[in-house]
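Q: Each chain is listed here by its residues.
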Amino acid sequence: MKFDKLKRIIKEGLHDMSIIWANEMKMTVKDEAVLIFFLLASTIYPFLYSWIYNNEVVREVPVAVVDYSHSAESRKFIRLCNASPDVKVAYHCTSLAEAKDLVGRQKAKGVLYFPSDFDTNICRGEQAHVSVFCDMSLMLTYKAIYQTAQAVSSQMGSEIQLASSTGFTDRDDEVTVRPLEFDEVSIFNPTGGYGSFLLPAVLILVIQQTLLLGIGLAAGTNRENNRYGELIPIDQHYRGLFRIVMGKALCYFMIYALVAAYLTMILPSLFHFPLLGSLRSLIGLMVPYILACIFFGITLSCLVRYRENVMLLVVVTSLPFLFLSGISWPSEGIPAFWKGISWLLPSTFGVKGYIAVNSMGATLQDISQEYFALWAQSLIYFFTSCLFYKVQIDRAIKQEKEDLDTSEVCQDTI
Amino acid sequence: MNKLTRIIHIAGRECRILVFKNPIYIFCMVVIPIAVIFFMTSVLSAGQAVDLPVGVVDQDNTATSRQLIRTLDSFQTSHVVGHYANVNDARNAIQRGEIYAFLFIPEGTTGGLSLSRQPKISFYYNSAYMLAGSSTFRDLKTVATLGSAGVGQQKLSAIGKTEHEIRAFLQPISVDLHMVSNPWSNYNIYLSSTLVPGLLMLMIFLISAYSIGTELKFGTSHEWMRMADGDPWVAVIGKMIPQTIVFLLIFYGFEFYIYYVLDFPHPGGVWPILLLGFISVVASQSFGVFIFGLAPSLRMSMTLCCLLAMLGISMAGATYPVFAMDGALQLLSWIFPLRHYYMIYQINIFNGFPLLYAWPYWAMLIVFMMLPLFVMRNIYRAMLVYKYIP
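For the protein sequence lines, the chains are X and U, in the order given.
Number 57 in the working numbering belongs to position 57 of the first sequence; there are no gaps in the numbering.
Number 181 in the working numbering belongs to position 181 of the second sequence; there are no gaps in the numbering.
Hints may be right or wrong, so weigh each one.
Each computed DSBU-like pair below joins lysine-lysine, with the alpha-carbon atoms no more than 30 Å apart [unchecked claim]:
#: 1; chain 1: X; residue 1: 390; chain 2: X; residue 2: 7
#: 2; chain 1: X; residue 1: 30; chain 2: X; residue 2: 7
#: 3; chain 1: X; residue 1: 143; chain 2: U; residue 2: 217
#: 4; chain 1: X; residue 1: 398; chain 2: U; residue 2: 141
#: 5; chain 1: X; residue 1: 26; chain 2: U; residue 2: 217
#: 6; chain 1: U; residue 1: 141; chain 2: X; residue 2: 30
Bear in mind the hints are in silico, worked out from the structure with no lab data behind them.
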C-alpha cells in the first residue's frame, strides 16, 4: 500500500514538474526581456568583448626621446627600442619639457632621456644611465616601455661587457658575461595576451549574471501578473516544492546547456582564444556550475518585487564579482571579509575552475576543490530555493482559502 | 504658476517618491554606490600583489641553490610555498591553482658554475593570471639575474676589481625608472579611480531611465505632465534635480574619499576634480534620459543602459588601451561617457596637465549633456500616449 502511494506521488510529481517546465518554457519564449538576457545578452555580449580584446597585446607604444648625448651609443639605444615590437620612437624632442608636453597631448606614453654623459660613461667604463619616464595611467603601456628599455639596456650591456672582457677565448668571455644562463617560460597563455587572460573569466561570469537577470525578470513578471503580487499562481499543479523548483530549473538548464556550449566551445575557437580543456572536464565543470547559478538565481528571485528592479540590482555586481573571482586581482590579496563573500558566489569557483580547465588544460581531479564547492553550492541553493518557495506556497494556499471564504460570504449575502 | 514654481513642485514630488514611495531608490542611489566605493577601494587596498605563492623544483640541492630560493622568498611579491620533485609535479600544482610560478634548478647547477660551464636554470610563470604571472615573473627574473651577477661579482673581486668597477661591468647601462604620479605602481590608484566612476555612472544611467519609465509603469505619467503644464522640459528638469543633488553628493563624497582620505595623487588640484564630478553626473543623467527618449519603454531603455554602461567600462581604455583595439572600436569609444571621464581624469587630474589638453573630451561630455534636446518630444509623446508594456 505504502509503496503504491509513493509511486503515485512520484508519478504525479513528475507530471506536475513537466507541466511547470512547459509553462516556464512558454513564458521564457514569450517574454521578450527574459529572452533578451537569456539569448541575446549571453551571445552578443561576449562576442563584443572578444572583439574588444582580440588584439591581445599592445604593440608600438609611442615614446618621445630626449637625447642630450648625441652619440653613436645613444642612437643605437634608440634604434634598438624602435626596432622592438612593443615600442615606437614617435618623437625626438630637444627638452624634457617638450617631451612632457607631448605626453600631455596623448602623442606619447613615455619618455626616454639620455643625459649628456651617456656615452662618456660607457667609454670610460663607468655605469651609464638612461631615464625612462612612464605615464602610469595605463599599466600595459608602462610595462611595454619599461620592459623594452630593460631588454635593450641588457643587450647593449652584454655587448659592452664582451668588448671589455679579458678572457682567452670567446667562450670564456660569454661565460664571464653570463655565468648562469636562464630560460623564461610563460607556461600558460604564452603570448601573455590580455584577451586570453580576461575573456574566459568574462564568459563564465556572463552565464551567471544573465541567469540571475533572466530568472529575476521572470519572477518579477510572475508577481506582477499575479493578482496578489505573489510568486506562484493559484493552480493545482503548483502545490509541491520539488516539482516547482525542479520544473523551473529544468527549463533554465536546457536553455543554458546550449548557451554554455556556445560560450565555452564555439566562441573561443572563433576568436582563437585558448581551448585546452577536454570535453569531459568541461562538461564535468559546467553542469554543477550552471546548476549552482540556477538555484542561486531562483533563491535571489524570491526577493524581487518589480521586474525592472532586477536590472538595478544585478548588473552593478558584475564587476565586483569579477574581482572576487581572483582573476584580475590575485585572491591572496583580497581581504578576508570579501573572500568569505566570494565563497557564496558560483562565479568564484566557476571562473577559477574554467580557467584551469580551459587555459591550463587541467583535469577534473586538478580542480576537485572547485568542483565540490560548486556541487555544494548547488545543493545549498537548491534547499534555500525550496525554503523560499515553501513560504510562497503557504501564502498562495492562504490566499486561495481567503478567496474561497470571501466568495462564500458573497454568496451568503446574495 | 511660472516655470520655476512648477519645477520646484515637481522636484518636491520627486523627493517624496525617492524617500517614501519606492525603497529601491535609496538603495540604488545611496547604499549600492557606497558599497561599491568601499568594495573596490578595500579589495585593492594592498595596492600591489604581495606574497604570491610560488614553487621550487630544486634538483641541485646545494648551498648555492638554497641561497637562490631564500632570496626569492625574501621578495615582497613572492612567497615560496612548495618544493616539488620534478617539473611535472610543479606544473600540476599550477594547474591546481596552488602556485603561480616556479623556479627550476637542475642537478649540477652549482658544479657547472664553479667549472664555468654556464649552467642553465629556468623559471615558469602562469600568464593565465596576468597580474600574478607578471609579478612573479619579475621576481624570478631578478633572482636569476642576481644569481648570475653574484658569480660574476665573486670572480671579479678575486682578480682585484673595486666595487665601483664591478658594478659598472655587471650593468654597463642602468635604466632609471620614473613612474610619474604613481611611483608605487599602486593598483588601487590605477583601477579604483576609473572603475568606481564607471559603476556610479551605470547606476546614474539606470536610475534616470528607471525614474522616467516608472511614471509610465505606475500610471502616473499624466499627473506628472499635468504638474509641468505639458512642458516636458519642466517635467524632466524638475524630476532630475533631486537626483542630481543626491548623485553629486555621492560622487563628491567618493572623490573626497579617494583624493583626501586615501591620498590618491591628484597634481591637477581641486578644480578639475570638482568640475569633472559635476559634468560627469549631469552628462550621465542626460545620457540616461536620452536613452529613454530613444527607446521609450522602461525595459528596453534599461537594457540599453546596462549594455552601454558595462561595455563602457571596457571601452574606457583604462585597462586595455583604446589605441590597441580595432579601428572601428576606436571610433565607437567616443559614445561612452566613461571614456571621456577616464581621459580627462588622467590628463587633468592624475598627470596635472592644463584643462585645454583634454578639450575634446570635455567637449564630448558637454555634448552628452545636450543630448536630451533631441528626444524631449519623444518623451512627451511617450508619457501621454504610450502604455506600459511589461
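Q: Just to be careful, I want the Cα atoms of residue 143 of chain X and residue 217 of chain U compared with a cutoff of 30 Å; is the pair within it?
A: violated (51 Å)
Q: Check whether the Cα positions of residue 26 of chain X and residue 217 of chain U lie no farther apart than 30 Å.
A: Within the cut-off at roughly 24 Å; holds.
Q: Between the alpha carbons of residue 398 of chain X and residue 141 of chain U, is the straight-line distance 30 Å or under?
A: The hint is violated at about 70 Å.
Q: Are the Cα positions of residue 30 of chain X and residue 7 of chain X separated by 30 Å at most?
A: violated (35 Å)
Q: Hint check: residue 141 of chain U vs residue 30 of chain X, CA-CA at most 30 Å. Holds or violated?
A: The hint is violated at about 58 Å.
Q: Mind checking the alpha carbons of residue 390 of chain X and residue 7 of chain X for me, to see if they're no more than 30 Å apart?
A: holds (23 Å)
The structure is inconsistent with the numbered hints 2, 3, 4 and 6, although it conforms to all the rest.
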